[in-house]
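**Q** Each chain, letter by letter, is given below.
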Amino acid sequence: MRLLRIITEGVRSLRINKLRTFFMMAGTIVGIAALTVIMAIGKGTEKKVMKRLQNFGPRAIMLIAGGGKDLPPPDITVTTLTLADAEAIRNQIDGLEIVTPMAWDFNVNVTRGANLHQATVWGVEPTWHEAWNWHVADGEGISDQDVATMAKVCVIGETVRRELFGESDPIGERLYINKVALTVKGVLESRGASPMGMDFDSRVIIPITTAMRRVMNVNHIGAIRLISKDVSLIPRQAEAVRSLIHQRHHITPPEEDDFRLITPMVIAQLVKGIASTLSFLLIALAALSLFVGGVVMMNILLISVAERTKEIGLRRAVGATRGDVFAQFLTESLAVTIFGTILGSLLGLGVSVLLPKIIQMPTIITWEPFALAVAFALLVGTFFGVQPARRAARLHPVEALQ
Amino acid sequence: MIELKTIEKTYGSGDTATPVLKGISFRIQAGEYVALMGASGTGKSTLMNIVGCLDKPTGGQYQLDGADAGTLDDNALSHLRNQKIGFVFQQFHLLERTTALKNVMLPLIYSEPYPEDAEQRAEKALTAVGLNDRMYYRPGELSGGQQQRVAIARALITNPQIILADEPTGNLDSKSGLEILAIFKRLHRDGHTIIIVTHNEEVAEHADRVIVLKDGKIEQDRRVAQPRDAEKEVDERIGREDAE
Ligand SMILES: Nc1ncnc2c1ncn2[C@@H]1O[C@H](COP(=O)(O)OP(=O)(O)O)[C@@H](O)[C@H]1O
Ligand SMILES: [Mg+2]
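Those sequence lines, one after another, are chains A and B.
For the first sequence, the working numbering begins at 824 and goes up steadily by one.
For the second sequence, the working numbering begins at 5 and goes up steadily by one.
Among the hints, erroneous ones may be present.
Derived pair list, reagent style DSBU-like, types lysine-lysine, alpha-carbon separation capped at 30 Å [claimed, not checked]:
{"hint": "1", "chain 1": "B", "residue 1": "K60", "chain 2": "B", "residue 2": "K218"}
{"hint": "2", "chain 1": "B", "residue 1": "K179", "chain 2": "B", "residue 2": "K106"}
{"hint": "3", "chain 1": "A", "residue 1": "K1052", "chain 2": "A", "residue 2": "K1095"}
{"hint": "4", "chain 1": "B", "residue 1": "K26", "chain 2": "A", "residue 2": "K1133"}
{"hint": "5", "chain 1": "A", "residue 1": "K1133", "chain 2": "B", "residue 2": "K60"}
{"hint": "6", "chain 1": "A", "residue 1": "K866", "chain 2": "A", "residue 2": "K1180"}
{"hint": "7", "chain 1": "A", "residue 1": "K870", "chain 2": "A", "residue 2": "K1095"}
{"hint": "8", "chain 1": "B", "residue 1": "K236", "chain 2": "B", "residue 2": "K221"}
{"hint": "9", "chain 1": "A", "residue 1": "K1133", "chain 2": "B", "residue 2": "K179"}
{"hint": "10", "chain 1": "A", "residue 1": "K1002", "chain 2": "A", "residue 2": "K975"}
{"hint": "11", "chain 1": "B", "residue 1": "K106", "chain 2": "A", "residue 2": "K841"}
{"hint": "12", "chain 1": "B", "residue 1": "K128", "chain 2": "B", "residue 2": "K236"}
{"hint": "13", "chain 1": "A", "residue 1": "K1133", "chain 2": "B", "residue 2": "K106"}
{"hint": "14", "chain 1": "B", "residue 1": "K236", "chain 2": "B", "residue 2": "K88"}
{"hint": "15", "chain 1": "A", "residue 1": "K1180", "chain 2": "A", "residue 2": "K1095"}
{"hint": "16", "chain 1": "A", "residue 1": "K870", "chain 2": "A", "residue 2": "K1052"}
{"hint": "17", "chain 1": "B", "residue 1": "K9", "chain 2": "B", "residue 2": "K60"}
{"hint": "18", "chain 1": "A", "residue 1": "K1133", "chain 2": "B", "residue 2": "K218"}
{"hint": "19", "chain 1": "B", "residue 1": "K106", "chain 2": "B", "residue 2": "K88"}
{"hint": "20", "chain 1": "A", "residue 1": "K1052", "chain 2": "A", "residue 2": "K874"}
{"hint": "21", "chain 1": "A", "residue 1": "K1133", "chain 2": "A", "residue 2": "K841"}
{"hint": "22", "chain 1": "B", "residue 1": "K88", "chain 2": "A", "residue 2": "K1133"}
{"hint": "23", "chain 1": "A", "residue 1": "K1133", "chain 2": "B", "residue 2": "K128"}
{"hint": "24", "chain 1": "B", "residue 1": "K9", "chain 2": "B", "residue 2": "K26"}
Calculated directly from the structure, the hints in this document are not laboratory data.
Based on the provided sequences and hints, a complete structural model is requested.
**A** Shown next, in the form of C-alpha cells:
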C-alpha cells in the first residue's frame, strides 16, 4: 500500500537521525510520564480514601475529647466531654441514627492467670456494635442489660483472645482489668491492622457504666460517635454539634476547642493532602512539557524541512505528490509522539511502581492513562506536525531542487 | 511524442517580470537523442523542467504523448513523472546515509502498483550501470561518477520512455563523464528518448540532434551527421590503459 510505504519513509528518516528524533521526543516522554503518574496517584489516592472512609464509616461523625487539628491519638487527659454531652446531642441534633458515647483507655494491662496482654479498653453502649458495624463472631455483644446493671462482662478482640486464651474457648471465662474480674461474653469479628499498623483486634469492649465506675473510675468519656441518617446531612450536623458543645463547654470561638470533630470530609481531605499538591505539580509539568515539547518538535521539523528541501524536490521529481510529502512529514511528527508516548508511559509506569515504595504515595496502575496518553499523542503530533508537513508539501519542486 | 508550441516562461510579474523562454517550438520523436545547448542562463534548465512536467510554462502548449500537460493537475503530473520520465541531475541528488539500492528504489515508492520484485529490479538497474558490487554503499562512499550512475539507475527503475539529464557530466572528470555518456548511448540504442542539457560542445557531439537556445529562442536545430560513440570510446580508452 502506497501510504504504508510513505509511512515507512517517514519512520526511516527518524531512525537515520536518532539524536534529532530524541530531541523531538523528549517533551512527549516527560509529559506522558507525568500524565501516567498523575492518573496512578489519583487512582491510588481515591482507593485509599475509599478504604479509610470505609474504616471510618461513610456516615459517621466522631466527636473526640481534646483539641488540636490532626487525627488522633486522642488526648485522654481531657475530662470535659461527658455523657450529658451525648445526651444533649441526642436530644437536640436532628437526623442522627445513632449517638453512642465511648470511654476509653489505652495500653491497659489485661491479664488471665499468668498471661498478660496490653490492649485498648472501650466502655461502650450496645449501639456501639451498630455504630461501627462491628459485631461478634462468637458469643454475644454488649447489651442494654449489661449497661444498666454495670455488668462485669466484656467482649474481646481477636488478638486478645489469641494472646490470653490460645486454643481454648474464651466464652464464660474470666479476665482481669485493673483487678476487676470480667467474664468474656463474646469475641469480635477480626478487623486486622490499620494502614498505620495499629492492631484493631487488640481491644476489650465493656459496658460504658462498668468502664466509668468500676474499671477507669472517671466521670468523663473519650468520644462520641454519631451516625447520620444521610451523608448529605453531615456538614450541617457537624456544625450544629460544634456550636452545641461550644455552648455546653462555654467556649467562644477564637478560644481553642477542647474537642475535635472528624467527618468523612476531614478524612478525605487528610488522605488527599500531599497527593493533591503533587498531582497539581504534575499536571503543570505534563501540560508544560507537552506544549513545549510540541513547539520544539515543530521547530525541529521546520528546520528539517528547510534542510531537506532537495530531498523533497527529488521525491517530487520521481513522482511524489504533494499529499505524499505531507503524509511523510506528518508521519514523522506522529511517529515521534506515538513512540514518545510508549516510552513516556513506560517511564510513568516505572515511577508509579516506585512511588509507593519511596514516599508511601499510593498508586494504582490502570489502562486509562495509556488510552488518554495515546489520544494526547495523536493530538500533539497532529497539532504541531501539520504546519511543517504543509510547508514541505507546498514547496515547488524546481525551486526545491535548486 | 514531445511537442512544444510557442512555449513561454516568464519569472516574476509586473516591473520585475523576466522573460526566459520567448516562444519555443519543437517536436521530439520517441527514441531520439537530443542535446539541448546554450550559454549559461539561457533557460536550458527551465525548458528541461517544463518538458519533465516539474514546472509549467506561462504561455504556449506542451503535449506529451498526445496529452496536454497544461490541463493536468498536480497529482496527474506527479504520476506522469513517475511513469514516463527519468531525471538525472548535475548534483546527483542522492539521499544521504541511504544505500545505493534504496536510492534506486525511491521512485517505486510512488509507483502504482508497487512491483513485487522491486529489490530485484533495483539490483538489475544497478548492475546495468556497472555497480553490482556497490549496492550497499552509501553516497559518501562512492565517487562522483559512481554516484551519477546510481542516479541513472534510479531514473531507469520505473522503465520510463524519456530520460532527461541536466548537465549530467558537469560535476565529473572527463573519464567518468565519458562513462556516463556511454550509458546514455546504450539506453538510446535500447529505444529510450534521451534529452541531455549541456553547454559543452564535446558532450553534445554524442547526440543525434542538437537544439541551441539563445535569448529565449531556438537559435539552431540541427542533425549531427556523425554522432560520437561513447561506448566505443570507453572501450578504446580501456584498451589504451591496458597497453600502457
Ligand atoms: N525561480 C526563478 N525565479 C526567477 N528567475 C529564475 C528562476 N529560475 C531561473 N531563473 C532565471 O532564468 C534564467 C534561466 O535559468 P536556467 O534555466 O537555469 O538557465 P540555464 O540552465 O540555461 O543555465 C536565468 O537568468 C535565471 O536567473
Ligand atoms: Mg541549468
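**Q** Each hint should be assessed against the structure and marked as holding or not.
**A** Structure-based check of each hint:
no.: 1; hint: B:K60 with B:K218; verdict: holds (20 Å)
no.: 2; hint: B:K179 with B:K106; verdict: holds (27 Å)
no.: 3; hint: A:K1052 with A:K1095; verdict: holds (25 Å)
no.: 4; hint: B:K26 with A:K1133; verdict: holds (28 Å)
no.: 5; hint: A:K1133 with B:K60; verdict: holds (19 Å)
no.: 6; hint: A:K866 with A:K1180; verdict: holds (16 Å)
no.: 7; hint: A:K870 with A:K1095; verdict: holds (11 Å)
no.: 8; hint: B:K236 with B:K221; verdict: violated (34 Å)
no.: 9; hint: A:K1133 with B:K179; verdict: holds (27 Å)
no.: 10; hint: A:K1002 with A:K975; verdict: holds (12 Å)
no.: 11; hint: B:K106 with A:K841; verdict: holds (19 Å)
no.: 12; hint: B:K128 with B:K236; verdict: holds (23 Å)
no.: 13; hint: A:K1133 with B:K106; verdict: holds (17 Å)
no.: 14; hint: B:K236 with B:K88; verdict: holds (29 Å)
no.: 15; hint: A:K1180 with A:K1095; verdict: holds (18 Å)
no.: 16; hint: A:K870 with A:K1052; verdict: holds (24 Å)
no.: 17; hint: B:K9 with B:K60; verdict: holds (13 Å)
no.: 18; hint: A:K1133 with B:K218; verdict: holds (29 Å)
no.: 19; hint: B:K106 with B:K88; verdict: holds (20 Å)
no.: 20; hint: A:K1052 with A:K874; verdict: holds (21 Å)
no.: 21; hint: A:K1133 with A:K841; verdict: holds (21 Å)
no.: 22; hint: B:K88 with A:K1133; verdict: holds (21 Å)
no.: 23; hint: A:K1133 with B:K128; verdict: holds (26 Å)
no.: 24; hint: B:K9 with B:K26; verdict: holds (11 Å)
Comparing the model with each earlier hint shows a violation of hint 8 alone; every other hint is respected.
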